[in-house]
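Residue numbers (my numbering), protein chains in the order written: chain A, 6 to 178; chain B, 3 to 261.
Among the clues, some could well be false.
Stated by the list, open to error - Computed beta-carbon distance windows for the label pairs:
(1) A:Leu-112 x B:Val-228: 58 to 64 Å
(2) A:Tyr-49 x B:Gly-75: 27 to 33 Å
(3) B:Thr-9 x A:Pro-37: 47 to 53 Å
(4) A:Arg-48 x B:Asp-79: 23 to 29 Å
(5) B:Glu-45 x A:Pro-34: 19 to 25 Å
(6) A:Pro-171 x B:Gly-39: 20 to 26 Å
(7) A:Tyr-49 x B:Thr-220: 47 to 53 Å
(8) A:Glu-94 x B:Cys-127: 22 to 28 Å
Said to hold, decoys possible - Stretch-level coverage of chain A by chain B, calculated; a stretch enters the list once three of its residues show a Cβ under 8 Å from a Cβ in chain B:
(9) 68-75
(10) 96-108
(11) 147-153
(12) 156-164
Keep in mind that the hints were calculated from the coordinates and are not lab data.
By construction, the Cβ of each residue, glycine as well, lies at the ideal position given by its N, Cα and C atoms.
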Amino acid sequence: MSVAASELESTAAGLQAAVWALLATVKDPEIPILSIVDLGIVRYVRAAPGGAVHVGLTPTYSGCPATDIIRRAVEKTLACSGISAARLETVLAPPWTSDWITPAGRLKLQAYGIAPPATAVATPKQLFRVAPIACPRCASSKTRRVSEFGSTPCKAHYLCTACLEPFDYFKCI
Amino acid sequence: MNADVTTSPTKDARFEYVLRLADTSLILGQRLSEWVGHAPALEEDLGFANISLDLIGQARLLLSYAGEIEGRGRSEDTLAFLRDAAEFRNLTLVEQQNGDFGRTVVRQLLASAFQLELYSALQGCADTRLAEIAAKSLKETAYHLRYSAGWVVRLGDGTAASRARVQTALNELWPFTAEMFATDAVDAEMAAALIAPRAAQLQASWLERIDAVLTEATLARPADSVFPWHGKGGVHTEHLGYLLAEMQFLQRAYPGCSW
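Sequences are here, hints too, so could you generate the full structure?
Written out as structure tokens, the structure reads:
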């Protein structure tokens with residue numbers, strides 16, 4: 006038995022699924038191959054038919070300049086699909102971690118030439134243990150860090166000493 | 003946690019305390035941003051710019067919270083752009099001029115190690131909002147510390163010239179660190195409310211971290227000296243006024259301007 010789209014959206018679960026699908030079309034302005042859902046910055050969608058849609062967004066880094074641009078893009082995307090009463094809420098806790106990037110997001114990063122983050126930083130001390138980062142092009146682990154900070158706060162700059170290509174590494178945080 | 007000895011801090015103390023954290027991040031972020039386009043290498047230019055961005059981001063969260071505590075309708079922008087030097091509550095250390103690259107990374111090491119220990123303590127404090135901001139800032143601060151400690155080790159354990167420069171910077175900046183652990187009435191009230199960590203505990207863990215870096219960098223820790231400034235009480239060095247003149251130029255020249 007098939008369910009018509011309009012009927013689906015008339016249920017709370019259907020509306021939420023529709024909002025999630027719309028959010029998956031909003032790209033990160035700095036890394037446009039990733040959607041904000043891939044990045045793991047959409048923390049929740051709460052919706053009930055006839056009521057307001059609440060979307061919880063968390064910033065990646067405190068000072069990330071993309072945060073305001075993303076908020077505006079979410080408002081516009083939802084409004085264009087007739088969801089104009091959306092309430093965007095900023096969620097600070099728990100703080101965003103690169104572990105929340107989805108498996109699909111990690112594959113997209115790799116294919117784009119950005120090494121995906123190492124997993125799980127439970128304490129800041131772990132940062133001081135240096136783990137080898139694999140080159141996203143030739144997969145060699147013979148790489149070295151050129152710069153702690155790259156083109157954006159979330160990336161570091163690396164060089165592969167096997168294939169000699171420079172690449173970005175999405176930092177774990 | 004013993005409810006019998008826990009006190010509730012006054013609104014004034016909470017506002018002052020959060021403002022100190024906010025202003026320390028804001029002023030340090032503004033100082034670092036002066037390097038943009040001038041750093042010795044592109045990588046370090048990006049490094050300072052990104053640390054600056056993190057600090058200003060943290061300052062925005064804290065300033066907004068301070069404004070809410072105060073309850074007089076002052077926003078993060080009002081607090082950043084419409085106060086004069088005597089109303090700023092940052093540590094005197096962070097308003098000091100950049101000097102050369104070595105001096106900037108020494109100042110960053112001293113400040114980042116302090117913020118790391120402070121945020122580690124605050125992430126479990128009795129003020130939920132402050133704990134959330136601290137938990138977020140802590141992860142970024144760990145990178146700032148790794149960056150600045152790495153450079154202090156490279157320059158300290160480097161050539162005779164680089165070593166002499168960072169040792170001189172350390173000697174000049176060291177007296178300012180006393181203010182981080184000097185407890186006044188605001189700190190005492192916030193510590194009694196189980197929000198601020200005790201200064202002695204903070205100082206011990208900070209010193210341990212700094213000593214480890216200085217040893218690896220073959221630098222000598224300077225002797226402690228009397229600290230005559232009180233930036234967190236609004237008594238600043240002359241450098242803050244010049245910094246604000248640049249940071250607040252637009253709002254001073256065109257009041258209320260926005261874009």
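Do the hints match the structure? See the list:
no. : hint                              : result
1   : A:Leu-112 x B:Val-228: 58 to 64 Å : holds, 59 Å
2   : A:Tyr-49 x B:Gly-75: 27 to 33 Å   : holds, 30 Å
3   : B:Thr-9 x A:Pro-37: 47 to 53 Å    : holds, 51 Å
4   : A:Arg-48 x B:Asp-79: 23 to 29 Å   : holds, 26 Å
5   : B:Glu-45 x A:Pro-34: 19 to 25 Å   : holds, 23 Å
6   : A:Pro-171 x B:Gly-39: 20 to 26 Å  : holds, 22 Å
7   : A:Tyr-49 x B:Thr-220: 47 to 53 Å  : holds, 51 Å
8   : A:Glu-94 x B:Cys-127: 22 to 28 Å  : holds, 23 Å
9   : 68-75                             : holds (count 3)
10  : 96-108                            : holds (count 6)
11  : 147-153                           : holds (count 3)
12  : 156-164                           : holds (count 4)
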